[in-house]
Amino acid sequence: MALKIAVSGAAAAAAAEFVPVLVADKVASRIAAKDFTLWGKDAESESSIRLGWVGSAVDSAPLVEPILALRDEFAAKGVNRFVLCGMGGSSLAPEVITSTAGVELVVLDSTDPDQVNDALSGDLARTAVIVSSKSGSTVETDSQKRTFEKAFADAGLPVTDRIVIVTDPGSPMEAAAQADGYRIFNADPTVGGRYSALTAFGLVPSGLAGADIAALLADAHEASEVLSADSADNPGLILGAALARTVVANAAECCTDGCVCYRDKVGVIAAGSGIVGFGDWAEQLIAESTGKIGKGVLPVVLEPNSFEVSAGIADLLLVRVVADATAAAGDEVSVSGGLGAQFLLWEYATVVASRLLELNPFDQPDVESAKIAARAMLSEGAAAASAPAFVDGGIEVRSQSLDLAGVSTVEGAIDALFAQLSAEDGYVSVQAYLDRTEVPAAYSLREAAAAATGRPTTFGWGPRFLHSTGQYHKGGPRQGVFLQIISAGEADLAVPGREFTFGQLIASQSAGDAKVLGDLPRPVLTLTLTDVVAGLAKIQAHLS
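Terminal number for the sequence shown in this note's numbering: 550, no gaps in between.
Don't take each hint at face value.
Mimicking DSSO-like on lysine-lysine, the simulated pairs with C-alpha atoms at most 30 Å apart in a straight line are [to be verified]:
no. : residue 1 : residue 2
1   : K377      : K156
2   : K377      : K301
3   : K47       : K301
4   : K83       : K32
5   : K301      : K32
6   : K47       : K32
7   : K301      : K10
8   : K377      : K47
9   : K301      : K40
10  : K10       : K32
11  : K40       : K10
None of these hints come from the bench; they were simulated from the model.
Assemble the whole structure, with the sequences as input and the hints as a guide.
Now the structure itself:
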C-alpha cells in the first residue's frame, strides 16, 4: 500500500511554510545519506552513530531466513508460544507487528508481580522466550530473564534451548549469552531503541510468532524511495513540518501576550487503519525524541470517540492513521500506508520535526534520572516507602510538589492535582503501575480525566512508559500534572539471584519517578490501592 498524506487547515499552512525550506536544504536526501550534521554541532556525537535505521529495510533482510528457520525448528519440537521480555523500543514494535498480523506474542514489559506470573502461567512445555535488550543492563529485562531461566530449569526443560537473546554486538548481554550457550541475534548497534522496529528487535519476536517479516521489510523498502526524495510531496517532510510547526489559527485566544502559538501536542488516532496499537509505538518515538530542554511534541494516543477528538483543543493537532488518506478535515493530518512504510514514515517525520525544533532526536538525557532514583529507592528497601499523607477507603494518598494540607479524601486530592493544571497548555498524565493483562479497564481513567479537565490526557502502563513518555515528562515543557495509580497487592515474586522482589522493584520505580518529577518541580499525586478493582471504581466515579 503506497504512502499517502493529506493535510488541511493549520497543518496545511505549516507544510506550505516549512516544506519548501526542507526541500531546498535537501533534508530528505541528507537523512537517507545518513548526514549526521542535520541536527547541529551539539548533536553530532550521538547522531553520527544513530542513523542506521535509515537502511534497516535492506540491512535487516539477511535476518529473515535464520529467524524463519528457528521458527520451524521450534515448531518441530512443539514450541509455538513465544514470550518477549523487553522494554520500550524492544517491545512496542513487536507488539504492533504481531497484533496487526493477528499472531500471538506474549509481551512482558512490566515488573508487576501479577503480570510476570501471568506470563509464567502459560504452558512452559511449548514456550520459548525472547530476551531483548541493547546492553542487557535494563533491570526489568534482566529480572524477567532470570525468572524464566529458573522456571525452565525447575520444569526440567533445557534452558539454553528455550531462550533466545537479541542484543547489540559487543554488549555485556552478548558476552554473557555466549558464555551460557544461548542463541543470539545481533541488532544494528547504530540504531537507537525507539528507531529499531525494522531491526532484529522488531523482527525476531515477530517472525518467531508467525508475522510475515519479509513483507514488512519490503513495504518499508518501497516507502524509502518516496521518503528520501527532496520533493514537496514527500509525506515525511509534510508530517514532520505539521508535527513541529503547526501555527494555531486563533493565537490571540491561547496566548495572552500576543505571542505566536504552536500546537505542541499531537493526538494519534489509528482506528480503522488495520494497524493495531500503532499509537503506543508512535508515542514512544515522538516523546523520547523531542521531549527535552523544555521543548517537545507531546503525543496523545486517542480513539475516534475520545474526548479530545471533538473538543476543539487549540494546542492539539489530530493525526489520523487511516486506510486511505485522500482528504483531511479541519486542522488535521491523515496518513495511510502499510505497517513497514508507516514505521519509516514516522521515523523520518520525527527527525524532521526535531530539526525544525532544533533538538537532538537521538538522545534521552532525562531517562537515566528515574533509573538512578529507582535504584536508590530499591537499595533503601522498606525505608523508601514514605508514610501516606492520609488513607481514604483503603487508598493510601501521597504527593510530591503538591500541597494536600487540609485535604482528607481521594476526591479532594484529585481536585487539588487538577487545580495545578493550566487551561491553556497543560496536560494530564495517568500512570498505572498495574497488571495490564488483568485490569485493562484502568485505561478508562484516561478518558474520564480528559473529559473532567478539558485537557489532553496521556495514559501509561508503568513501568514501561518510563522508557517512552518518561523522557518528555521530565525534559519537555513544564505543563503536566501526574496521577500515579499503584497496586498494594499482597502477591509478590522473588527475582532469582537478586535481593529484591518484583513488588519491591516496581514500587521503587514508581517512587523514584515521582521523586524526580517532584524535584523538578512537577505535581505528582500517588494513589496506592489495597483493592485494585474497588479503588479504580472510586477514582472513576469521581472523575465521571
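Hint-by-hint comparison with the structure:
1. K377 / K156: holds (26 Å)
2. K377 / K301: holds (22 Å)
3. K47 / K301: holds (18 Å)
4. K83 / K32: Outside the cut-off at roughly 52 Å; violated.
5. K301 / K32: holds (25 Å)
6. K47 / K32: holds (18 Å)
7. K301 / K10: Satisfied, since the Cα-Cα distance of roughly 29 Å is no more than 30 Å.
8. K377 / K47: OK: K377 and K47 at ~28 Å, within 30 Å.
9. K301 / K40: holds (25 Å)
10. K10 / K32: Holds: K10 and K32 sit about 21 Å apart, inside 30 Å.
11. K40 / K10: holds (24 Å)
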